[in-house]
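2 protein chains.
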Amino acid sequence: MPETTRRTERLPRNRYGNRPTMKDVAARAGVGLKTVSRVVNGEAGVTPETERRVQEAIEALGFRRNDSARVLRKGRTASIGLVLEDLADPFYGPLSRAVEEVARAHGALLINGSSAEDADREQELVLALCARRVDGLVVIPAGDDHRYLEPEIKAGVATVFVDRPAGHIDADVVVSDNHGGARDGVSHLIAHGHRRIGFIGDMPRIHTAAERLRGYRTAMEDAGIQVADSWMSLGITDPDRVRRAAEDMLSSPDPVTAIFTGNNRVTVTVVRVLAEHARPVALVGFDDIELADLLQPGVTVVAQDAATLGRTAAERLFRQLDGTLLTPERIVIPTRLITRGSGELPPAD
Amino acid sequence: MPETTRRTERLPRNRYGNRPTMKDVAARAGVGLKTVSRVVNGEAGVTPETERRVQEAIEALGFRRNDSARVLRKGRTASIGLVLEDLADPFYGPLSRAVEEVARAHGALLINGSSAEDADREQELVLALCARRVDGLVVIPAGDDHRYLEPEIKAGVATVFVDRPAGHIDADVVVSDNHGGARDGVSHLIAHGHRRIGFIGDMPRIHTAAERLRGYRTAMEDAGIQVADSWMSLGITDPDRVRRAAEDMLSSPDPVTAIFTGNNRVTVTVVRVLAEHARPVALVGFDDIELADLLQPGVTVVAQDAATLGRTAAERLFRQLDGTLLTPERIVIPTRLITRGSGELPPAD
DNA sequence: CCTGAGCCTGACAACGTTGTCCAGGCTCTA
DNA sequence: TAGAGCCTGGACAACGTTGTCAGGCTCAGG
Chain A
1 MPETTRRTER LPRNRYGNRP TMKDVAARAG VGLKTVSRVV NGEAGVTPET ERRVQEAIEA
61 LGFRRNDSAR VLRKGRTASI GLVLEDLADP FYGPLSRAVE EVARAHGALL INGSSAEDAD
121 REQELVLALC ARRVDGLVVI PAGDDHRYLE PEIKAGVATV FVDRPAGHID ADVVVSDNHG
181 GARDGVSHLI AHGHRRIGFI GDMPRIHTAA ERLRGYRTAM EDAGIQVADS WMSLGITDPD
241 RVRRAAEDML SSPDPVTAIF TGNNRVTVTV VRVLAEHARP VALVGFDDIE LADLLQPGVT
301 VVAQDAATLG RTAAERLFRQ LDGTLLTPER IVIPTRLITR GSGELPPAD
Chain B
1 MPETTRRTER LPRNRYGNRP TMKDVAARAG VGLKTVSRVV NGEAGVTPET ERRVQEAIEA
61 LGFRRNDSAR VLRKGRTASI GLVLEDLADP FYGPLSRAVE EVARAHGALL INGSSAEDAD
121 REQELVLALC ARRVDGLVVI PAGDDHRYLE PEIKAGVATV FVDRPAGHID ADVVVSDNHG
181 GARDGVSHLI AHGHRRIGFI GDMPRIHTAA ERLRGYRTAM EDAGIQVADS WMSLGITDPD
241 RVRRAAEDML SSPDPVTAIF TGNNRVTVTV VRVLAEHARP VALVGFDDIE LADLLQPGVT
301 VVAQDAATLG RTAAERLFRQ LDGTLLTPER IVIPTRLITR GSGELPPAD
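Top line first, the protein sequences correspond to chains A and B. Under UniProt numbering, think of the first position of the first sequence as 1, with each following residue one higher. Under UniProt numbering, think of the first position of the second sequence as 1, with each following residue one higher.
Please keep in mind that the hints were generated in silico from the structure rather than gathered at the bench. No experiment lies behind these values; they were computed from the predicted model shown. A couple of the hints might just be wrong.
What the hints assert, rightly or not - Simulated pairs of lysine-lysine, DSS-like, Cα-Cα distance not exceeding 27 angstroms:
{"no.": "1", "chain 1": "B", "residue 1": "K74", "chain 2": "B", "residue 2": "K154"}
{"no.": "2", "chain 1": "B", "residue 1": "K23", "chain 2": "A", "residue 2": "K154"}
{"no.": "3", "chain 1": "B", "residue 1": "K34", "chain 2": "A", "residue 2": "K34"}
{"no.": "4", "chain 1": "A", "residue 1": "K74", "chain 2": "B", "residue 2": "K34"}
{"no.": "5", "chain 1": "A", "residue 1": "K154", "chain 2": "B", "residue 2": "K154"}
{"no.": "6", "chain 1": "A", "residue 1": "K74", "chain 2": "B", "residue 2": "K23"}
{"no.": "7", "chain 1": "B", "residue 1": "K74", "chain 2": "A", "residue 2": "K34"}
Said to hold, decoys possible - Non-contacting residues of chain B with respect to chain A, defined by C-beta distances greater than 10 angstroms in every case (computed):
{"no.": "8", "residue": "S37"}
{"no.": "9", "residue": "R97"}
{"no.": "10", "residue": "A275"}
{"no.": "11", "residue": "L291"}
{"no.": "12", "residue": "R319"}
{"no.": "13", "residue": "P334"}
From the three backbone atoms N, C-alpha and C, an ideal C-beta is built for every residue, glycine too.
All chains, please: the whole structure from these sequences, using the hints.
Structure representation (structure tokens):
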């Protein structure tokens with residue numbers, strides 16, 4: 001065999017771009033490794049003089065402790081994962097921010113991911129976060145079966161579900177009062193004289209959508225109103241679909257005089273449709289929307305408190321981590337009816 | 001010395017809640033550690049029979065690879081950090097989402113943090129992310145001096161600034177055309193006959209606010225209009241402050257007939273003020289706002305493309321990581337004037 | 001039956017940090 | 001002045017993973 005230079009010479013590969021380590025600092029300061037560790041962590045037992053030398057070496061080399069390695073040693077990553085549907089949705093911004101604030105207060109970082117309402121992507125994300133060994137997870141479920149999380153939870157990953165319950169596992173859940181909120185919103189329309197009321201919502205497999213529909217049905221039933229199938233439309237919240245649904249309800253031989261919308265995206269589209277509509281139609285929407293008060297008429301909504309949802313969930317998560325928390329609970333955050341005009345329009349018959 | 005039981009017995013502490021490791025899997029499957037590693041990573045060179053035994057052990061123990069340890073060995077964390085001002089601000093939602101999508105396409109996770117427009121908090125966050133050894137950073141700067149990042153960048157942390165340029169360091173920047181956009185918006189008002197035009201913006205130390213003010217001045221100057229000090233108001237975007245500023249401009253002896261607002265939060269407040277105002281006042285706002293088309297009149301805006309900002313920045317980041325990228329650049333994303341009515345109102349004199 | 005090639009497999013070190021423990025030097029007291 | 005005790009500093013192992021390498025086995029060819 002010819003004399004090849006096959007020997008893998010200790011390739012000076014860029015590990016983190018060749019960052020200095022404690023070893024380098026120690027060498028430069030002429031002290032032991034552990035002494036550097038002590039200085040970096042502010043532990044006692046180092047002479048001021050030694051500390052000064054170490055600090056100097058740190059500055060000179062631009063050393064920064066590798067928390068990734070630290071975490072490996074310590075066992076806690078001081079980071080939590082948040083999996084939600086879509087960061088770009090205005091409902092999740094405040095929720096996410098609230099979770100972040102709580103995390104920050106506990107010295108943890110937040111790793112964020114959007115599931116795009118896809119169960120597989122949710123699972124992929126959640127498991128990736130578990131592999132990173134996040135201390136806990138706040139999950140807004142896209143899928144409806146979370147048994148895949150069981151081993152993780154058993155292994156100690158704190159978990160709280162928000163906005164929608166988990167599927168087939170027993171875990172902490174923080175949700176809005178979807179049923180009650182929708183019932184109140186629809187009752188509000190009934191109280192203003194409406195009987196033919198339409199409901200346009202998200203896909204029925206989404207828990208919140210189903211609950212809100214249930215709230216609609218409860219209100220109608222309580223008022224003794226028989227609901228026609230053509231008054232209800234559930235499906236994707238794509239503007240085209242929603243627009244068609246609204247137009248159908250409004251142009252049928254027996255048209256609705258009011259519409260209850262199942263979430264912010266639907267509400268926005270329906271507001272657009274109603275703006276072009278000749279006859280005034282009453283509207284109450286689930287979720288608050290920005291500038292709702294400035295429209296003509298102002299949009300009456302059942303507002304959720306996204307920040308409280310997020311804060312409550314995150315606080316519960318950290319209580320799980322403290323060990324303060326015992327059994328999984330279901331926490332319901334109340335909604336609030338905000339009247340602004342559109343929900344108080346009388347039926348135009 | 002008496003026979004003490006001082007020996008530190010391998011305390012069975014909860015490390016990640018006692019998760020099984022490759023060692024445990026190896027023991028159970030009766031194979032070597034490395035074989036487990038091979039199976040887990042789908043490497044070649046394992047008999048089907050051996051692989052089966054390992055897979056079984058993995059299932060039985062609920063093993064999941066610790067990516068945190070993996071990363072330590074490998075040198076890349078496959079995660080990037082995003083530091084922005086406030087996740088709850090509707091402008092940052094789509095931006096954040098765009099960054100996340102690009103990260104996902106490159107197999108990286110996104111760690112998110114809000115600086116709350118506080119330079120210290122920005123630095124604290126950025127350095128925390130560097131300590132976690134994120135591969136790269138997308139930063140929307142709150143502070144105006146980023147020299148603290150120099151050692152990190154030198155050490156190989158890819159960095160891209162978005163929305164505002166970095167202070168005192170040479171780095172990639174992706175910004176909107178703030179000056180040009182504001183100039184166009186104000187020129188639009190001038191073209192519709194306005195001469196007394198007010199400007200209400202964010203704190204002047206924020207780069208975008210200053211640039212937009214400069215655009216305002218340019219447009220006014222180009223039209224040969226002398227700007228009165230009382231027409232300009234910069235400061236925090238708190239609704240009370242903005243409201244007072246708008247009311248002052250409108251009630252002065254020589255009131256403005258049009259207002260240009262410096263960002264979405266300001267626009268929203270000014271829309272509210274104008275809705276209560278007797279005389280019609282023209283309005284053009286920087287940043288698009290949801291439902292702007294449904295207001296009476298529709299709100300004319302200079303729209304930024306938040307998603308493109310985020311996507312461009314993230315793509316550039318990964319090109320830095322590929323080594324494809326050479327010198328830092330400044331990329332300007334154009335804005336778009338969307339006319340909806342409020343900007344086309346004639347001066348009411 | 002022997003040899004060499006090729007395939008599997010596992011021992012070992014290393015990644016950068018922290019916990020444990022021990023050694024040496026110092027101070028203080030008897 | 002010696003011994004006790006404290007303070008400082010460093011050697012070493014460990015966290016869970018992956019890269020390197022060598023050993024053992026099988027099988028074909030001589």
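Against the structure, the hints:
Among the hinted pairs, B/K74 with B/K154 is consistent with the structure: their alpha-carbon atoms are about 20 angstroms apart, no more than 27 angstroms. For the proposed pair B/K23 and A/K154, the alpha carbon gap of about 19 angstroms is at most 27 angstroms, so the pair holds. For a cut-off of 27 angstroms, the pair hint linking B/K34 to A/K34 is broken: about 30 angstroms separates their Cα positions. A C-alpha spacing of about 24 angstroms is found between A/K74 and B/K34, which places the hinted pair at or below 27 angstroms, so the restraint holds.
Our distance criterion of 27 angstroms between C-alpha atoms is broken by A/K154 and B/K154, whose separation comes to about 42 angstroms. For a cut-off of 27 angstroms, the pair hint linking A/K74 to B/K23 stands: about 19 angstroms separates their Cα positions. With a C-alpha separation of about 24 angstroms, the suggested pairing of B/K74 with A/K34 holds against the 27 angstroms cut-off. Non-interface call for B/S37 relative to chain A: holds, since the shortest CB-CB distance, roughly 14 angstroms, exceeds 10 angstroms.
Listed as a non-interface residue, B/R97 fails to keep its Cβ farther than 10 angstroms from every Cβ of chain A; the least gap is roughly 4 angstroms. The non-interface label for B/A275 is inconsistent with chain A: the shortest C-beta to C-beta separation is roughly 6 angstroms, within 10 angstroms. With a minimum CB-CB distance of about 5 angstroms to chain A, B/L291 fails to clear the 10 angstroms threshold, and the non-interface call is violated. No Cβ of chain A comes within 10 angstroms of the Cβ of B/R319; the nearest lies about 16 angstroms off, and the non-interface call holds.
The claim that B/P334 lies off the interface holds: its Cβ sits roughly 21 angstroms from the closest Cβ of chain A, which is beyond the 10 angstroms cut-off.
Hint violations for this structure: numbers 3, 5, 9, 10 and 11, all remaining hints satisfied.
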